[in-house]
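> As a plain string of letters, each chain reads:
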Amino acid sequence: MLAAASVGALSALGGCVDEGGVLSLGADPEKPTVAILEDRSQTFALTGTPKYRATKLAVEEINRDGGILGQEIDVFAPDPQSDNMRYQDLTRHAIYQEDVDALWAGYSSATREAIRPIVNDHEQLYFYTTQYEGGVCDRSVFPLGATARQQLGAVVPYLIEEYGDEIYTVAADYNFGQLSGDWVRIIAEEHGAEVVGEEYVPLDESQFGSTINRIQSADPDFMMSMLVGQDHSAFYEQRLASGLEVPVGTSTNMAQAYEHLRIDPPALKDVYAGVNYMEELPTDRNEAFVERYHDRWDDDGYLNQEAQNNYFSVYVYKKGVERAGTFDQAAVIDALEEGIEVEAPEGDIALDPATHHMEHNMRVAHADENHEITFDAERKIEPAFLHDVGCDLTSEDEQTQYEPDAFYEEA
Amino acid sequence: MSLGSDSSGGLLAAVREPFEGPNTMGNTPAFWLGLTAAVTLLAAMPVLFGYYAAEIGAVFLAYALLGVSLCFIWGYCGILSFGQVAFFGVAGYAFGIVAINVPTLTGLTLGLLAAVAVSTAFAAALGYFMFYGGVRDVYVTILTLVVALVLYTFLGQTAGGEWAIGDARLGGFNGMSGVPDLGVGIGSVGLEIGIVGHYYVTLGALVVTYLGLRALVNSQFGYAMVATREDERRTEMFGYDTTFIKFVVFTIGGAIAGLSGVLFTAQNNYIDPSVFGITAAALPVVWASVGGRTSLIGTIGAALAIQFVDYQLALSGSEWALVLIGSLLVFVILVMPEGVAPRLHEYVVEYRASPDPTPAETPAPGEVHGGDD
Amino acid sequence: MAGIELLNFGFEFVEVFAFIVLATVGLAVIFGMMGIINLAHGEFILVGAYATTFAFAAGLPLPLAMLTGVVITAVFGLVLERFIIRHLYGRLLDSMVVTWGISLVMIQLVRIAFGNSAPGVGIPFGQLPVVDGPVYYLVLATIAVGVLGGLYALFAWTDFGVRARATMQDEETARSMGVDTDRMYMATFGIGSGLAGFAGALYAPVMTITPEYGTGFLVEAFVAVVVGGSSVIVGTILASGFLGSVNAAFTNLAGTFMGQVAMLVAAIVAIRLMPDGITGLLADWRENRGESR
Amino acid sequence: MGTSDPTVRTTPAVDETGDESSQILQTRGLCKAFGGLTATDDVDFGLEKGELRCLIGPNGAGKSTFLNLVTGQLEPTAGKIYYDGHDITEMPSHERVGRGISMKFQVPSIYEGLSVAQNVRIPLQQVADGDEFESRIREILDRFDLLAERQTVASALSHGQQQRLEIGMAMALEPKLMLLDEPVAGLSVEETAEIAELLREIAEDDGVALVVIEHDIDFVESIADRVTVLDQGSIFREGSIEAVKADPEVKRIYLGEER
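Residue numbers (my numbering), protein chains in the order written: chain F, 1 to 411; chain B, 412 to 784; chain P, 785 to 1077; chain G, 1078 to 1336.
It is possible that some hints are incorrect.
Ranges between beta-carbon positions, derived for each pair [said to hold, decoys possible]:
no.: 1; chain 1: B; residue 1: V746; chain 2: G; residue 2: D1283; range: 32 to 38 Å
no.: 2; chain 1: B; residue 1: A424; chain 2: G; residue 2: A1110; range: 29 to 35 Å
no.: 3; chain 1: F; residue 1: D264; chain 2: P; residue 2: T926; range: 23 to 29 Å
no.: 4; chain 1: G; residue 1: H1236; chain 2: B; residue 2: F655; range: 32 to 38 Å
no.: 5; chain 1: P; residue 1: M1042; chain 2: F; residue 2: E343; range: 48 to 54 Å
no.: 6; chain 1: F; residue 1: T326; chain 2: B; residue 2: E603; range: 51 to 57 Å
no.: 7; chain 1: P; residue 1: L1057; chain 2: F; residue 2: E190; range: 17 to 23 Å
no.: 8; chain 1: G; residue 1: R1215; chain 2: B; residue 2: A536; range: 41 to 47 Å
no.: 9; chain 1: F; residue 1: R285; chain 2: P; residue 2: T926; range: 31 to 37 Å
no.: 10; chain 1: B; residue 1: E603; chain 2: F; residue 2: T283; range: 38 to 44 Å
Derived SDA-like pairs (lysine to any residue); straight-line CA-CA distance at most 25 Å [what the hints assert, rightly or not]:
no.: 11; chain 1: F; residue 1: K56; chain 2: F; residue 2: E72
no.: 12; chain 1: F; residue 1: K56; chain 2: B; residue 2: L726
no.: 13; chain 1: F; residue 1: K31; chain 2: B; residue 2: V600
Hints are computed from structural coordinates only; laboratory data are not their basis.
Just so it is clear, the structure is predicted and the values come from calculations on it, not from any experiment.
Backbone N, C-alpha and C define an ideal beta-carbon position, used for all residues, glycine too.
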């Protein structure tokens, strides 16, 4: 009773509190600002740094060409240091203190989930660009990276065709890995193949002796590797050392953390990655992009798939604002939901209004014994899964993440 | 916050009396005046700086409450737990599970109660297991840390759809998202607690817990705790059931940590396994060590100050926060093992004692200074 | 078929056993001799690993690079002992808190200084026949047994060992008999650190080297020390054997994660049943004949 | 000393001895073995209410073990302990204290970090009410000559003061039986005399039964009428101090031990 009474009093007091506070100095509301919260240190520095750089590059290019609606864009970009608590603090700071008009944030799905409640509370326009497990159907979130279904949909059928129909899955033991494992099963089923073994490895595991044993005794036609992070990258050297020769399909390796450049050949021989982009993509548009990127950042850091996603998504945002004629976030979201096409380094692609995802130019990247990359089987793949589950943000606002096991028997 | 009137003149010494004694510092009107001023200032933060201060500040206050839970068991009963975050996190998850499934006022109220009950029961079970099994000293410390790390590993792999309780997905490494805000009430009568309300609820919980623990540690049970900390075997030979005392203290500590976990989770609408991780587990130890493990107010101050500095460092993008926090810990233990607040208190007492002591400072009957170590 | 599985289990056990022994001995020496649980143990291992990979990258042959790792870690341990740890003898809980602080600082410093990963060292010696796994794991197991034997020889047969055990049993008496206990502690801490560095060096080729490298050893190490109790060699062998077989069995049955969990649960139950560790129980059982407690 | 099988004597001591009115402490066939070594071997001990008994014997005779068995710090291997006519063999330590057994350890074991007043309050609050604490603490400190030190941290007290404080703390529990393990070890002649005086007072004025372990035979003579001599875990002699002193066998075991 005491608690109830004091809560009553407190909420009465709360009513007097102004959102900005008596002393608060808000950001200049006239100047459009975007936040780039990408990891430049600690766990995800390797993949986060190019994301930050490519976003910055895009904003600078736009500003040089006269900005958006004639206004220069300010950037708020502290380093969240791969720490989700920091992400939460910085997201709040970006929303309250910087009053940002759009937010790019986070490499891992965990980061996205950590800040999504804050983003939703404030209806903050948020671009999440990592290739991810898929399924986010959320009014203020635009997950523009390829989904697991898009990436695996590129590589799994290709390998079934090339090598045969017995698949062994090894994936990181967390959300992304588990859902990717589900997708491999679904796609295998759709193509008449079979998953003969499946294994989920803790994120901090770096000894794959027993895993390799089990793969060898299962003797699959090819294996799918959805391993992620530093510790897991030890797998490839151990695979080489143990003489495991089954071809490897992946949605996680090479395009993001450029294992083919960091690990000595031939550890990644016959690794096939389903990707929408890699720096090595031999098109004129991409080569020009890569050159601009390296000129701007003046070192030989790898330009990864996610960085490209960040880059084109800034242009998606620009088109949205221009179509809306205002930086007002609700208006921009509505404008984006009318559909946007963009000339991305990976090719011409379009935003899918209903799901806030992109269709992507998917291809299979193959590493040979010298870790040279070649591309094959290019085709456009739509974000089909969310359509199947009935996500249509143009007609109904949602803040959900759908998962395949509820919709496919095989999962 | 009715304290304002009590502390002003020392007229209501009788009201202060249960909160004072040699087991806590600050048994003077000046202290209570200072405390009131500090609480008033904290209460004014959202008014001065808006929702932003309320959102950020509520997290700091929840941390302070977590720090208090460790200070209480370590500083007063000598049980060093490296796993207070286990109770914090378990309660956070428990609240999330109930609240996501029943996001009504009744459900939220139940969620709060159930979560604190779960963390309390968990602490009781672990405490029973350890203390009645003769586990002591470093073994308790290691065991509690291992429990936190086991939870970290366990919840990290609950990504699959089978790890759902009703509508609540444990969510593995990505954490549990969509946890509703706090609410209190039954049926349609009650209050949903928004951003600012949450700040005041957290502040209120901290103040009430602080005062409650002050009263507890200065009670007969508090003496028994302190005696157990000082010399367990001796205390047993004075007829105290020290095993039971440790068990009770550990359980209360778990309950407080659990409450802070609920407040933290409801504030962020989110919880993930990193709350059980080794860095998170270190923080309460840092706050209590730096602030003073035998000083509740010192621990609260240290938690607020350290987290504020950490936040500022994060904004500036500096990577040095953890280095600073770790070094601070080493430095404090080496230079002033008792912590900052007890050391300051000593200076204050000496300062008052050395020149001509003013009559106002003569200790009230029943007050014994210098008992704090 | 069953034969192969048995072999696989055996190999798995050897692998885990060697890992726990090597991860633990450094910590066990320091705990057994000085009663200090060094929570920065994982970061001592980290120092050994980094020193090894950088020495290797600089062109030293692997064995020499590993030796460099050991020496650098031992020196590092001695420096820490002189400046910090020495002030904490007899302050059990404080020493844990301080070493925890050191651990936080070191992880972050390594991150700032060397970024998120270090150059790799390939696994030497190639593949085993029959059971699939690198020969190197058998080398590690042999080294683990060698380290235990070496420690036994050190404590049982050398003058240092006699003094060390005297200090361990009764510091006052040892001092009165002319043992420089301060130096004994320093030497012990140096040996413990060197052994930690050795573990880091030996696993540098197998595990990816990141700033959190040490954390991968930490849980196994202190669980084994606590389960083993204060007798360094016997405790380490028994605890590693016990935990290793639980881990290997459950890993084979239900995967890596269950192996880990089963091992930790077994450890918790073991501590509950034997609050002073396996060797504490043995000691109670056999030796406790003092009149007063 | 009767049959060597302690299990025979499972009936309550009161029935067997028939003198329940006077005996505060009895043990029957009390044994304690550590591994292969028997520290206490088939001890039948009896103590009258208000009696002051000294327990002597060479090092390793089992004296401290015996006290620890009575206080419940150790569990007997066999045998029974009766206190005030009740079987307390299975009772946990703290409950025995609640029944009125209090103990003074060999090394002064006070709360070194706490003030003298706080030290006394800890046992005191087991028997007194809140509003009496202040006056009772004063009373006890006054009696044990520590009133001036009431605010002092106990670690700052002299050795003699610490011994007095500990006896004061044991007395704060208002015990019926107090066990003291070498209460004058390391004390000066004057301090020893003070303690002797205190102990006699406690036995005579407060009616507390005392068991005192002591080596110093002069001190024993100054406080006790009867002594029990332990050797190798068993009761070797029991009787008046004069008789025991005169016993050549007692001399022999002492000389054999202490050389």
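> I want to verify a distance hint. Is the separation of the beta carbons of E603(B) and T283(F) within 38 to 44 Å?
54 Å, violated
> Could you say whether the range 51 to 57 Å given as a hint is met by the Cβ separation of T326(F) and E603(B)?
32 Å, violated
> Do the Cβ positions of A424(B) and A1110(G) conform to the proposed distance bound of 29 to 35 Å?
The hint (29 to 35 Å, Cβ to Cβ) is violated, given that A424(B) and A1110(G) are roughly 59 Å apart.
> Given a hinted range of 17 to 23 Å, is it respected by the beta-carbon distance of L1057(P) and E190(F)?
53 Å, violated
> Between H1236(G) and F655(B), is the Cβ distance one that fits in 32 to 38 Å?
33 Å, holds
> Take a look at whether the Cβ-Cβ distance between R285(F) and T926(P) falls inside 31 to 37 Å.
The hint (31 to 37 Å, Cβ to Cβ) is violated, given that R285(F) and T926(P) are roughly 57 Å apart.
> Taking the CB of V746(B) and the CB of D1283(G), does the distance hold inside 32 to 38 Å?
48 Å, violated
> With respect to the beta-carbon atoms only, verify the hint that R1215(G) and A536(B) lie 41 to 47 Å apart.
At roughly 44 Å between Cβ atoms, A536(B) and R1215(G) fall inside 41 to 47 Å, so the hint holds.
> Is 48 to 54 Å a correct range for the gap between the Cβ atoms of M1042(P) and E343(F)?
For M1042(P) and E343(F) the Cβ distance comes to about 50 Å; the hint holds.
> At the C-beta level, are D264(F) and T926(P) separated by a distance inside 23 to 29 Å?
27 Å, holds
> Holds or violated: are the alpha carbons of K31(F) and V600(B) at most 25 Å from each other?
Measuring from Cα to Cα gives roughly 44 Å; hence the hint is violated.
> Is the straight-line distance between the alpha-carbon of K56(F) and that of L726(B) 25 Å or less?
18 Å, holds
Violated hints, listed in ascending order, are 1, 2, 6, 7, 9, 10, 13; each of the other numbered hints is respected by the structure.
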